[in-house]
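Peer 1: Assemble the complex: chain G is given as a structure, and chain B must be docked to it using the hints.
Each chain, written out:
Number of protein chains: 2
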Amino acid sequence: MYCLLKFAPLFLAVSVCHGWLFGDFVGKQKELDDKISLWPLPQKFQSSAVAFKLSPASFQIVHAKESSAGPSCSLLENAFRRYFEYIFGDLKKHEKSRKKVFDSDLVELKVWITSSDPECDGYPSLQTDESYQLSVDEPSAVLKAANVWGALRGLETFSQLVYEDYYGVNNINKTDISDFPRFAHRGILLDSSRHFLPLKVILANLEAMAMNKFNVFHWHIVDDPSFPYISRTFPELSQKGAYHPFTHVYTPSDVKMVIEFARMRGIRVIPEFDTPGHTQSWGNGIKDLLTPCFSGSTPSGTFGPVNPILNSSYEFMTQFFKEISMVFPDAYIHLGGDEVDFSCWKSNPDVRKFMEQQGFGTDYSKLESFYIQRLLDIVAATKKGYMVWQEVFDNGVKLKDDTVVEVWIGNKMEEELQNVTGAGFTTILSAPWYLDYISYGQDWQRYYKVEPLNFPGTDAQKKLVIGGEACLWGEYVDATNLTPRLWPRASAVAERLWSDKSVTDVGNAYTRLVQHRCRMVKRGIPAEPLFVGHCRHEYKGL
Amino acid sequence: MYCLLKFAPLFLAVSVCHGWLFGDFVGKQKELDDKISLWPLPQKFQSSAVAFKLSPASFQIVHAKESSAGPSCSLLENAFRRYFEYIFGDLKKHEKSRKKVFDSDLVELKVWITSSDPECDGYPSLQTDESYQLSVDEPSAVLKAANVWGALRGLETFSQLVYEDYYGVNNINKTDISDFPRFAHRGILLDSSRHFLPLKVILANLEAMAMNKFNVFHWHIVDDPSFPYISRTFPELSQKGAYHPFTHVYTPSDVKMVIEFARMRGIRVIPEFDTPGHTQSWGNGIKDLLTPCFSGSTPSGTFGPVNPILNSSYEFMTQFFKEISMVFPDAYIHLGGDEVDFSCWKSNPDVRKFMEQQGFGTDYSKLESFYIQRLLDIVAATKKGYMVWQEVFDNGVKLKDDTVVEVWIGNKMEEELQNVTGAGFTTILSAPWYLDYISYGQDWQRYYKVEPLNFPGTDAQKKLVIGGEACLWGEYVDATNLTPRLWPRASAVAERLWSDKSVTDVGNAYTRLVQHRCRMVKRGIPAEPLFVGHCRHEYKGL
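Residue numbers (the numbering used here), protein chains in the order written: chain G, 1 to 542; chain B, 1001 to 1542.
Bear in mind the hints are in silico, worked out from the structure with no lab data behind them. Please note that a few of the clues may not be correct.
Unchecked claim - DSS-like mimics (lysine-lysine), calculated; alpha carbons at most 27 Å apart, straight line:
#1 B:1400 / B:1383
#2 G:35 / G:449
#3 G:400 / G:412
#4 B:1540 / G:256
#5 G:322 / G:256
#6 G:522 / B:1240
#7 B:1366 / B:1383
#8 G:35 / G:53
#9 B:1200 / G:540
#10 B:1540 / G:200
#11 G:540 / B:1240
#12 B:1366 / B:1322
#13 G:240 / G:200
#14 B:1398 / B:1412
#15 G:540 / B:1540
#16 G:346 / G:287
#17 G:522 / B:1200
#18 B:1346 / G:200
#19 G:240 / B:1035
#20 G:174 / G:65
#21 B:1366 / G:522
#22 G:53 / G:522
#23 G:463 / G:501
#24 G:44 / G:174
#25 G:35 / B:1110
#26 B:1540 / G:240
#27 G:463 / G:398
#28 G:200 / B:1522
#29 G:44 / G:400
#30 B:1035 / B:1174
#31 G:540 / G:200
#32 G:463 / G:412
#33 B:1346 / B:1366
#34 G:383 / G:398
#35 B:1256 / B:1240
#36 G:540 / B:1522
#37 B:1449 / G:240
#38 B:1110 / B:1522
#39 B:1256 / G:540
#40 G:322 / G:412
Here the structure is a predicted model, which is why all the values come from computation and not from measurement.
Just chain G, same shape as in the assembly:
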């Protein structure tokens, strides 16, 4: 047996490892390292060389007798099937006879939900408890979690513990795991405006997110180039703003499917409707929404950000975000607020007049704040919380206490974290994890080495950093290349946000990540290679 001393917090590792330690663990350790590749690494993990076999004919994932969840919990039932298939391949191949059970078999994984409400029909949230305990021993393994969300994380870990032996038989070693995420918000941003992402691609990436214990899909759904979201209230937005009104849109049922597919995997869907900038595509469908730009004293025919001086703009936003607040169940909406270009506002005589009336002088950031402030009030009235890009905070807009500020500008990132948390706001970090910026070689290591709390601040400030996001902006990715470009590079961010701060050994991470990416490939995700080598099961698609 061996014990991952370098990862387990010392207090636990020393006592427990001692108890389990014996003989020839050096060779065994190497052997086990090659077989088991947990990603992200659990907080507390110990494993022995004692191995049990799993037979597709006899092994079952079941609800524990004591569990508050049962067969009516379709979220778990679906997860049981999904992980059974991950472990054994397509269900249909296997007989259902349960005749032969041998002594060294693991016959079941009991899933035990301990809190009175398992949350089978609920949605994950920022407050969700994702912790779980997993004990693998004969004849049963037991996965204990307060609710279904922790159980989902534990099922993933269980499936990662299973390995094929020399004869292709599934084995699992005696193991004890106690696990929980370091950060509550672990997100992936995908951009469906610069390129339309077919539903199939989004769902596949939600699947991959679950394999990496990500729990937030930040859906940057619309932007300047296209507006693929079909609004029931304002159908003209996509009719005139999408790349194509039928083939390049998300119908209400598509959106529902994304949300439900994500929910089944413990993933929150936070939509971003970025204003007042990044809104060119909105202007096609909604007359007068955008500011007309001027060339001298005449309109140039081009348009700038949302027109902040018209009441109609706010009336539109009120109705629009009322719909959004109902379509998306998450408690948060991302309101954007980044990169507002003032040149069009400056060119417009009506805007200049308004600036004068309001006493803004020539400080257009005040006009931006004026708009954002009213928008935030509109969204707050829907009872939703909001996330914003850092500029909104930087410009001194008054924010609700529960606002999440997303720090994305790489330059002076530490200073920004200090300022945002110093002002008492929760924050998430995406600046070091813009995965659209590709480069030659193993850039995952750069993402891996980031320490999100490495900024000057008090413990209270550090606690306000609730997580981070890997962002794959859409300039250069679509259905053809998004998935391999995201995985396993985003996996580096996944471990940074889940595992203990002390998990920083790049060499060890490489060994595990190589196997984790092969696991993703085996499960149908075209995750690209880290370096020279091969997977037992190569990607079958194109």
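Peer 2: Quick look at chain B alone, frame taken from chain G:
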């Protein structure tokens, strides 16, 4: 009507355009530019606004009466079907009734092979004439070529001329094209050793190569990490040197299929068996082939390049390359010869002794040359020509006159071209086109802007540059990401090597390439996007 004055060589353009010119061609030009996107751009091209319709029920690709090829030419028959399906989609969908033919229809493309031997069952070669003439006019279009190889290029161009009108109907404009490649050798290097590339991936990329008029598949089939080629003579090479002896190998029938699939598309397959370096994987199966490295006075257990001092090495190479020369029909074999590390040779006392005996002093490049010289003689005896990486030339090895030297080192590339051609050798350029080196943004433009003849030298020297290759080395690519990483970045190289030297307008290239990549996507190739935008038919896979 309009005339692409900026591309057509002036002597032709002026006279012909004049004849065709009339009225409102500015608006039409914009319209046509949006519809037609030839890639690579033909040498001489003129098109009018007169459009003909193509119906899947009536349109046919047929052998011209005068053609030396007929229905027994399966290469052409297959090509007719392939291009019919590219134009109209799956054949099965369409009825075969030919009842309605309207005046404005194009009813057929007649393919006229003019030389007495159409080469239906032959292989393309360095000397192959790929030129063709294409005339589209009612009621028939005519494609004229000396042999099937030119016809294949013309069929691709014909299919690129077809565009869907507002009603989704296929149209083609009155057009005259006279086309031929600027360079004879236009290659893609794929590396199936660092990662195994499933057959499906290789075939898909041959398909994409044909869409871009590439005509050489440089198959870097084995290297240090793995030996996937199954040798009939030495089966232990792959049994012990492949990543896996059954799942990660190319069987003789796989190799045949690659060669035949390539042949059907006018593509030569040049295998590379790189020695004496890059041979770690060879050593697993062949005892004593590699040089044992020493640590002080004892063997270290590691191995270096092929052992150049043993006769057995040359006996092995004689038998091995005898097989290779029979398996691969092309007149050339690539023998590698790059990056030989001398440290292992230096460490070996027997090698040092041999150096002394031969009077090489301590100049190990002399030993390298000694090996290569003998290897070249061995291969020459098989009646094959050979290609080598530039080091072989740099080290002063005596080369056969028809040797092709591949210039790959970016540093001092112009100087190398000057030296190689100055010594009278033909050369191909790959240095500026190492597509494995990725970077953020539109790096295709950098590849596009390369002018291969931009080095100091006489006209005679320039003529010795017979082409180039886009190389996608395998460190970071496998089945999951190879195809989108290669296309459309390699398309930039395709146009540089096919089109006239004067075709250098990056803006115009961008417009055409955006559409060309959508065409590849429509045909099932996951070519990645150049920038923000969309395709009418997005990629359906994952």
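Peer 1: Next, verify each hint and record whether it holds.
Peer 2: Evaluation of the provided hints:
no., hint, result
1, B:1400 / B:1383, "holds (11 Å)"
2, G:35 / G:449, "holds (25 Å)"
3, G:400 / G:412, "holds (24 Å)"
4, B:1540 / G:256, "holds (21 Å)"
5, G:322 / G:256, "holds (17 Å)"
6, G:522 / B:1240, "holds (24 Å)"
7, B:1366 / B:1383, "holds (26 Å)"
8, G:35 / G:53, "holds (14 Å)"
9, B:1200 / G:540, "holds (9 Å)"
10, B:1540 / G:200, "holds (9 Å)"
11, G:540 / B:1240, "holds (24 Å)"
12, B:1366 / B:1322, "holds (26 Å)"
13, G:240 / G:200, "holds (24 Å)"
14, B:1398 / B:1412, "holds (22 Å)"
15, G:540 / B:1540, "holds (15 Å)"
16, G:346 / G:287, "holds (20 Å)"
17, G:522 / B:1200, "holds (17 Å)"
18, B:1346 / G:200, "violated (56 Å)"
19, G:240 / B:1035, "holds (22 Å)"
20, G:174 / G:65, "holds (22 Å)"
21, B:1366 / G:522, "violated (48 Å)"
22, G:53 / G:522, "holds (20 Å)"
23, G:463 / G:501, "holds (14 Å)"
24, G:44 / G:174, "holds (14 Å)"
25, G:35 / B:1110, "violated (61 Å)"
26, B:1540 / G:240, "holds (24 Å)"
27, G:463 / G:398, "holds (21 Å)"
28, G:200 / B:1522, "holds (17 Å)"
29, G:44 / G:400, "violated (37 Å)"
30, B:1035 / B:1174, "holds (14 Å)"
31, G:540 / G:200, "holds (17 Å)"
32, G:463 / G:412, "holds (20 Å)"
33, B:1346 / B:1366, "holds (13 Å)"
34, G:383 / G:398, "holds (17 Å)"
35, B:1256 / B:1240, "holds (22 Å)"
36, G:540 / B:1522, "holds (20 Å)"
37, B:1449 / G:240, "violated (37 Å)"
38, B:1110 / B:1522, "holds (25 Å)"
39, B:1256 / G:540, "holds (21 Å)"
40, G:322 / G:412, "violated (36 Å)"
The structure fails hints 18, 21, 25, 29, 37, 40 (numbered hints given earlier, in ascending order).
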